[in-house]
Amino acid sequence: MEVDRSEPALITADEVLFDEPLGLVVARGSVEISQGERVLRADEVVYNTRTDVVTASGHVVLVDPDGGMVFSDFAELQSDLAEGFINSIGILLSDNSRIAATTGVRREDRVTEVERAVYSPCRLCEDDPMRPPLWQLRAVRVIRDEESQDIIYRDAFLDFFGIPVLYTPYLRHPDPSVAQRSGLLTPSVGRNGNLGTFVNVPYYIAISPSRDLTVTGGLSTDAGPLLRGLYRDRYAFGQIEVDASANYSDRLVNAGEPTEREEQRLRGHLFANGIFAIDDNWRASAAIALTSDDTYLDTFDITDADILRTSGLTEGFFDLSYARAEVISYRDLRDDAIQQPLVAPVLSYSHVGTPGGLLGGTWAADGSFLHLRRDDVEVSRMSAEASWSRRDILPIGLVSDLEAGFRQDLYLGDGVIDPDLP
Numbered sequence: 036m037e038v039d040r041s042e043p044a045l046i047t048a049d050e051v052l053f054d055e056p057l058g059l060v061v062a063r064g065s066v067e068i069s070q071g072e073r074v075l076r077a078d079e080v081v082y083n084t085r086t087d088v089v090t091a092s093g094h095v096v097l098v099d100p101d102g103g104m105v106f107s108d109f110a111e112l113q114s115d116l117a118e119g120f121i122n123s124i125g126i127l128l129s130d131n132s133r134i135a136a137t138t139g140v141r142r143e144d145r146v147t148e149v150e151r152a153v154y155s156p157c158r159l160c161e162d163d164p165m166r167p168p169l170w171q172l173r174a175v176r177v178i179r180d181e182e183s184q185d186i187i188y189r190d191a192f193l194d195f196f197g198i199p200v201l202y203t204p205y206l207r208h209p210d211p212s213v214a215q216r217s218g219l220l221t222p223s224v225g226r227n228g229n230l231g232t233f234v235n236v237p238y239y240i241a242i243s244p245s246r247d248l249t250v251t252g253g254l255s256t257d258a259g260p261l262l263r264g265l266y267r268d269r270y271a272f273g274q275i276e277v278d279a280s281a282n283y284s285d286r287l288v289n290a291g292e293p294t295e296r297e298e299q300r301l302r303g304h305l306f307a308n309g310i311f312a313i314d315d316n317w318r319a320s321a322a323i324a325l326t327s328d329d330t331y332l333d334t335f336d337i338t339d340a341d342i343l344r345t346s347g348l349t350e351g352f353f354d355l356s357y358a359r360a361e362v363i364s365y366r367d368l369r370d371d372a373i374q375q376p377l378v379a380p381v382l383s384y385s386h387v388g389t390p391g392g393l394l395g396g397t398w399a400a401d402g403s404f405l406h407l408r409r410d411d412v413e414v415s416r417m418s419a420e421a422s423w424s425r426r427d428i429l430p431i432g433l434v435s436d437l438e439a440g441f442r443q444d445l446y447l448g449d450g451v452i453d454p455d456l457p
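Throughout, the numbering used here is defined as the position within the sequence shown, counted from one, plus 35.
Don't read these hints as lab results, they were simulated from the structure. Mixed in with the good hints, there may be bad ones.
Unchecked claim - Quick list of the computed label-pair ranges, beta carbon to beta carbon:
no., residue 1, residue 2, range
1, 47, 84, 13 to 23 Å
2, 129, 217, 18 to 28 Å
3, 129, 84, 32 to 42 Å
4, 301, 211, 33 to 43 Å
The beta-carbon is built from N, C-alpha and C at its ideal position, and this holds for glycine as well.
Kindly generate the complete structure, drawing on both the sequences and the hints.
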């Protein structure tokens, strides 16, 4: 951001003195200086009109245009508050992450460079603010470049609970003002009974502001390599999300004694869902959940669901009516599972009359049709329901409620066993 140096600075303080021989303007007590979108607060501020330098001391706070805040006990700045030197610096970024350092320099109205610094996005413990955060980065030098929107570390250590676990001579990540950028995400490393020792490394690809892709490569000692992708896309009329993976390994078919495994083969999964507005009244959505075998999802910790649901849905929204048509299928991943039904179709329609219409009350009508298919058994159900209600407040203060309604269900079955037969 370029600063308009011709824009005047606005000063408020308890006391303002002008030393004409020395060319100094001294402001004391709750001092606040505004220059454009920058604000400086301090106990005392001295402005040298000859050198165009502002010196601030005591509870110094500098507010940046992006909402970030810099705290210090002493700062020496140019009159536009865009460049200068700061001692014992603390920086609160716009996402509430923090940088603390011994000294800092602001230059070119875009680069903040601090020495012997610590960065952490973790909030401080309210009971013990001196307690080390969950994780933090310590570095000999930290540079924040607002033009490239980067935070750069030189000779950095990664600490967990105050214990250093990793060193790198160079590290860079986006600053909090970045909404989206391609790059590596945090890897995960661990060990469990299904995979042995494993490592997963995700890479984020920013395709557009409304579209992205995350590709994860994984390796494990017991289950081989894994490739997984998550694609997300949002349109003006809907959105879609696809999560898929592939792996080449053997499959555990018996976890007992002795353990049984199938020969190695290609395995994987596909989860997808989307919702789209057809027009002002109709909306369609779908959800797909597929897997190559019953143990794949649990082995790679993709989901702990026992039953997968795949469905397609169309809905209509009108003034006082609602229509719905849906198809649903299930897959049971549990041992000794019975076949789950195919529910196709599920049709329903609801309508509510205008309040105060029929006999001064409100009427409603609902109808539905459902068909289930499992093995050689088919069952259909048709339902119809109507209701009417009216509420009156009598002159003596009593509330009168009148309700009437009926419901009729019809069932048709093919291949259903009659429990009354011997």
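Open item on the list: Range first: 18 to 28 Å. Now tell me if the beta carbons of residue 129 and residue 217 are that far apart.
Closed with: Because 21 Å falls inside the window, the suggested range holds.
Task: Status of the given 13 to 23 Å range, CB of residue 84 versus CB of residue 47 - done: Check passed, 19 Å falls within 13 to 23 Å.
TODO: Go ahead and decide if the range 32 to 42 Å is satisfied by the Cβ distance of residue 129 to residue 84.
DONE: holds (33 Å)
- [ ] Can you let me know if the beta-carbon spacing of residue 301 and residue 211 is within 33 to 43 Å?
- [x] Check passed, 42 Å falls within 33 to 43 Å.
Of the numbered hints given earlier, the model fails none.
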